[in-house]
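Participant: Sequence:
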Amino acid sequence: NNTFAIFFYLNDEAFASYYLGYYQKMNKGPNYIKTKLFEKKIDKDTISKCLLEYTLEDEIEIIALVLEKIKDKYLKFPIKKQKEKIQAKLMRDGFTFSAVNSALRDLKLEENISETLEKDFGKLKKKYQDLDQKEKKDKIIQNLLRKGYEYSSIKKKVEEEL
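Here the sequence shown is numbered in the working numbering, starting from 50 and rising by one per residue.
Be aware that one or more of the hints could be misleading.
Here are the simulated PhoX-like pairs of lysine-lysine, each with C-alpha atoms no more than 20 Å apart in a straight line [unchecked claim]:
{"id": "1", "residue 1": "K172", "residue 2": "K185"}
{"id": "2", "residue 1": "K205", "residue 2": "K186"}
{"id": "3", "residue 1": "K132", "residue 2": "K118"}
{"id": "4", "residue 1": "K138", "residue 2": "K196"}
{"id": "5", "residue 1": "K134", "residue 2": "K118"}
{"id": "6", "residue 1": "K204", "residue 2": "K188"}
{"id": "7", "residue 1": "K205", "residue 2": "K188"}
{"id": "8", "residue 1": "K185", "residue 2": "K168"}
{"id": "9", "residue 1": "K205", "residue 2": "K122"}
{"id": "10", "residue 1": "K138", "residue 2": "K125"}
{"id": "11", "residue 1": "K176", "residue 2": "K157"}
{"id": "12", "residue 1": "K157", "residue 2": "K175"}
{"id": "13", "residue 1": "K74", "residue 2": "K129"}
{"id": "14", "residue 1": "K157", "residue 2": "K172"}
{"id": "15", "residue 1": "K120", "residue 2": "K130"}
{"id": "16", "residue 1": "K157", "residue 2": "K168"}
{"id": "17", "residue 1": "K206", "residue 2": "K129"}
{"id": "18", "residue 1": "K185", "residue 2": "K130"}
{"id": "19", "residue 1": "K138", "residue 2": "K168"}
{"id": "20", "residue 1": "K138", "residue 2": "K174"}
{"id": "21", "residue 1": "K74", "residue 2": "K125"}
{"id": "22", "residue 1": "K118", "residue 2": "K89"}
{"id": "23", "residue 1": "K74", "residue 2": "K118"}
{"id": "24", "residue 1": "K157", "residue 2": "K183"}
{"id": "25", "residue 1": "K204", "residue 2": "K172"}
{"id": "26", "residue 1": "K168", "residue 2": "K130"}
{"id": "27", "residue 1": "K205", "residue 2": "K172"}
{"id": "28", "residue 1": "K138", "residue 2": "K157"}
{"id": "29", "residue 1": "K118", "residue 2": "K129"}
{"id": "30", "residue 1": "K157", "residue 2": "K185"}
{"id": "31", "residue 1": "K120", "residue 2": "K172"}
{"id": "32", "residue 1": "K174", "residue 2": "K185"}
{"id": "33", "residue 1": "K176", "residue 2": "K132"}
{"id": "34", "residue 1": "K138", "residue 2": "K175"}
{"id": "35", "residue 1": "K172", "residue 2": "K188"}
{"id": "36", "residue 1": "K157", "residue 2": "K174"}
{"id": "37", "residue 1": "K138", "residue 2": "K122"}
{"id": "38", "residue 1": "K185", "residue 2": "K125"}
{"id": "39", "residue 1": "K176", "residue 2": "K196"}
Hint data in this document are derived by calculation from the structure and do not stem from the laboratory.
Whenever a hint applies, use it, and build me the whole structure from the sequences.
Facilitator: Shown next as structure tokens:
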């Protein structure tokens with residue numbers, strides 16, 4: 050009867066280990082894997098033991114792969130917004146906060162915002178056309194700052210256009 054329990058326990062470990070490898074190949078972080086194993090009714094001790102195999106180095110390596118795939122997706126956003134979106138994606142994928150922050154600290158992002166700023170500025174200029182000059186300027190600046198644009202870029206654009 051006791052061997053029966055051991056047999057199932059070992060199977061749980063093998064199952065958890067299999068899923069760890071599977072989800073690592075799918076570029077998922079330890080928190081995501083932990084949740085999935087928990088949903089599959091694997092006990093906490095087995096999950097904890099299994100996740101010991103998922104090192105911080107593994108996590109950073111996988112994050113680097115994910116970043117390579119997704120960083121160009123957010124070029125149209127200001128750098129601050131790019132970082133927010135990338136961080137949100139990595140956190141959804143179950144990576145730990147420390148690993149995500151470490152990866153983002155080393156990440157060099159480019160922005161391709163001149164057209165985007167131009168477009169957003171145009172929309173806001175039209176939206177606030179009925180306001181007096183000072184109020185229009187303030188509203189546009191506030192809106193663009195909220196969208197994540199650098200103040201210096203906004204100021205330059207406002208001075209050119211208004």
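Participant: Below or equal to 20 Å on CA atoms is what counts here, so check K176 against K196.
Facilitator: Since the Cα atoms of K176 and K196 sit roughly 16 Å apart, the hinted pair holds (cutoff 20 Å).
Participant: Measure nothing beyond the straight line between the CA atoms of K138 and K196; if it is 20 Å or shorter, mark the hint as holding.
Facilitator: 18 Å, holds
Participant: Would the pair K118 and K129 pass a check requiring their Cα atoms to be no farther apart than 20 Å?
Facilitator: 19 Å, holds
Participant: Straight-line Cα separation of K74 and K125 no greater than 20 Å?
Facilitator: With Cα atoms ~29 Å apart, K74 and K125 exceed 20 Å; violated.
Participant: K185 and K125 were given as a pair; does the straight-line alpha-carbon distance stay at or below 20 Å?
Facilitator: 25 Å, violated
Participant: CA of K138 to CA of K175, is that 20 Å or under?
Facilitator: Violated: K138 and K175 sit about 33 Å apart, past 20 Å.
Participant: Check the hint pairing K120 with K130 against an upper bound of 20 Å on the C-alpha distance.
Facilitator: 12 Å, holds
Participant: Given the proposed pairing of K205 with K172, does the C-alpha separation stay at or below 20 Å?
Facilitator: 17 Å, holds
Participant: Assess, step by step, whether the Cα of K185 is no farther than 20 Å from the Cα of K130, and give holds or violated.
Facilitator: 24 Å, violated
Participant: Is it true that the CA of K74 sits at most 20 Å from the CA of K129?
Facilitator: Given that 20 Å is the threshold and the Cα spacing comes to 29 Å, the pair is violated.
Participant: Taken at face value, is the distance from the CA of K185 to the CA of K172 at most 20 Å?
Facilitator: 12 Å, holds
Participant: CA of K157 to CA of K174, is that 20 Å or under?
Facilitator: With a Cα-Cα distance of about 32 Å, the restraint between K157 and K174 is violated, given a limit of 20 Å.
Consistency note: the structure conflicts with the earlier hints numbered 9, 11, 12, 13, 14, 16, 18, 19, 20, 21, 22, 24, 30, 31, 33, 34, 36 and 38.
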